[in-house]
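Colleague: Listed below are the residues making up each chain.
2 protein chains.
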Amino acid sequence: MDRQVSAAILVIGNELLSGRTQDVNVQTLAKFLAPLGIDLSEARFVPDIQAEIVAALNALRTRYTYVFTTGGIGPTHDDITADAIAAAFGIGIDFHPEALALLAARYGETDFTDARRRMARIPNGGNLVKNPVSIAPGFQIENVFVLAGVPRIMKAMLDDIAPRLQRGRAKIVRSLTAQIRESDIAHGLEAIQKAHPDTDIGSYPFFNEQPSSPETGQSSVGTTLVVSGRNAGQVAAAASAIANLVRGMGVEPQDDGQTAAR
Amino acid sequence: MDRQVSAAILVIGNELLSGRTQDVNVQTLAKFLAPLGIDLSEARFVPDIQAEIVAALNALRTRYTYVFTTGGIGPTHDDITADAIAAAFGIGIDFHPEALALLAARYGETDFTDARRRMARIPNGGNLVKNPVSIAPGFQIENVFVLAGVPRIMKAMLDDIAPRLQRGRAKIVRSLTAQIRESDIAHGLEAIQKAHPDTDIGSYPFFNEQPSSPETGQSSVGTTLVVSGRNAGQVAAAASAIANLVRGMGVEPQDDGQTAAR
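Residue numbers (this note's numbering), protein chains in the order written: chain A, -12 to 249; chain B, -12 to 249.
Honestly, the hints are just simulated from the structure, not real lab data. Note that the structure is a prediction, hence the values are computed from the model and not measured. You may find that some hints are simply not true.
Identical copies go unnamed one by one, so any copy, or any two together, can satisfy a pair.
Think about it this way: if two alpha-carbon atoms lie no more than 25 Å apart in a straight line, the pair counts; the simulated SDA-like pairs of lysine to any residue are [what the hints assert, rightly or not]:
(1) K18 x E129
(2) K117 x R(-10)
(3) K181 x Y51
(4) K181 x R151
(5) K18 x F76
(6) K117 x R234
(7) K181 x E39
(8) K18 x D171
(9) K181 x A38
(10) K181 x R104
(11) K181 x H64
(12) K117 x P138
(13) K181 x N130
(14) K142 x V116
(15) K142 x R104
(16) K142 x I167
(17) K142 x Q9
(18) K181 x Q37
(19) K142 x E129
(20) K142 x A178
(21) K142 x V208
(22) K117 x A224
(23) K18 x V238
(24) K18 x P138
(25) K142 x L152
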């Protein structure tokens, strides 16, 4: 249970790099993996170019426990992910009987065009990933999960993946927010980080961008301090030290609570 | 003018990979670069670990014309970007006189703490990037631009960078939206892509997620077809062929117009 389980996400598509589309799949995957104790350790965005997909996938799949890809599994000519995955693994690709059956049932004999059949092309040995939204499946090859790019479909596919994943020990995360500039507590914070080496302390300033008080909705300048670690006692001790540091500056921190999720 | 100018973005910070924060800087940078004719070709997200930042930066800076980093230049212990950049280039890092002067003027003698002085540490030979929001500067070393992570500050820093960049020939982009399933036009679209090889045709389906008609606000299923290229005539010809393809299916496409921006 204590083994570190790691993951990377490979976001595929010109539309993410051109600025046309705002990616949200990285965050969705991060939030999905955190409670499973799987650390999302890297994300890469590449365009719809086979050589780029292959190089990135091979770099990531040999380094992390799991790789998740998003995008490029639709019916059109610019959907090249399945072929790129097959090329990366050096394996063939063909129509997958179960995927064909799923799509045939959805579209019926007359509407099951070649373009739709194309979505049943799966690298040899791939296991399907269920798509409850629009049927056309994703797939798994070894430690690589190939998912849709449309956020709603990508998210729905995660349900079918969860039972297949080896789990780690989830990080415990404690978050405190204070109306204090981070540079005013930087020195004390560094000392606390040194005294609690098995925790990670992150400092995230905000500037009139989020209300520090949900009751009044008043915007302000402040800092959110996030402690994470795999041991609840260590996280609580570091958070307590941070709360005392902030109180020492005459400011009462707002306790955002503890999550095992992120 | 016709030389291809390329770029990558390196997004630095545990908070992006833990799911705590939704990145928006990739899209901001993409939209900034597109009208300058600079192709954003890759994005990578790495955690606050020096070895990861160094490895990613060295891979990217040797491959692309420019690299932009975001995050990790604040006053706290978890802000390690400046040191990581110096390590990646194998150069020293020290207090930068101009950065010190800027910060001293902002905070005054008594409030200019060690933590704030830390934000004036710049790798040797670095040129400052102006921060009109919170003063603490970014910097440029060779082809690498080091920017803040806070979206408002990151965006403001781009003003100071624009004049330093070599420009390419901007892509011309034409976008058409139709209430048609992409699998129904996939075959015809592929033929159009083959007939117009100097353009890139992207097909982006939507499912009850955006109104196809801004007038009625009615949601529906459909596809946005995006043609891009560096030659206006070629883009117009491909877009015209796509419009005719869609009309041939009995659907009038909505012309989303042409941009030189993305």
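Colleague: Taking 25 Å as the upper bound on the Cα-Cα distance, should K142 and E129 be classified as within, between, both, or neither?
Modeller: Answer is within: at 21 Å inside a copy they meet the 25 Å cutoff, but 40 Å across does not.
Colleague: Please work out whether the CA atoms of K117 and P138 approach to 25 Å or closer within one copy, between two copies, in both situations, or in neither?
Modeller: within (15 Å within a copy, 36 Å between copies)
Colleague: Reference check for the pair K18 and F76, CA-CA at most 25 Å: within, between, both, or neither?
Modeller: Close neither inside one copy (28 Å) nor across copies (34 Å); limit 25 Å.
Colleague: For the identical chains here, do K117 and A224 meet the 25 Å Cα criterion within one copy, between copies, both, or neither?
Modeller: Intra 43 Å, inter 39 Å, cutoff 25 Å: neither.
Colleague: At 25 Å max between alpha carbons, let me know whether K142 reaches Q9 within a copy, between copies, both or neither.
Modeller: both (16 Å within a copy, 16 Å between copies)
Colleague: Under a CA distance limit of 25 Å, which applies to K181 and E39: within one copy, between copies, both, or neither?
Modeller: Classified as between: cross-chain Cα gap 21 Å, same-chain 40 Å, threshold 25 Å.
Colleague: Are the CA atoms of K181 and R104 at most 25 Å apart within a copy, between copies, both, or neither?
Modeller: between (58 Å within a copy, 20 Å between copies)
Colleague: Please sort K117 with R(-10) into within, between, both or neither, judging by C-alpha distance up to 25 Å.
Modeller: Neither: 28 Å inside a chain and 44 Å across chains, both beyond 25 Å.
Colleague: Given a CA cutoff of 25 Å, do K181 and H64 count as a within-copy pair, a between-copy pair, both, or neither?
Modeller: between (53 Å within a copy, 10 Å between copies)
Colleague: Are the CA atoms of K142 and V208 at most 25 Å apart within a copy, between copies, both, or neither?
Modeller: This pair counts as between: shortest inter-copy Cα distance 19 Å, intra-copy 34 Å.
Colleague: Is it within, between, both, or neither for K142 and A178, if the alpha carbons may be no more than 25 Å apart?
Modeller: neither (40 Å within a copy, 32 Å between copies)
Colleague: When no copy is named, should K18 and D171 be tagged within, between, both, or neither for a Cα gap of at most 25 Å?
Modeller: neither (31 Å within a copy, 35 Å between copies)
Checked against the numbered hints above, the structure breaks hints 2, 3, 4, 5, 6, 8, 13, 20, 22 and 23 and satisfies the rest.
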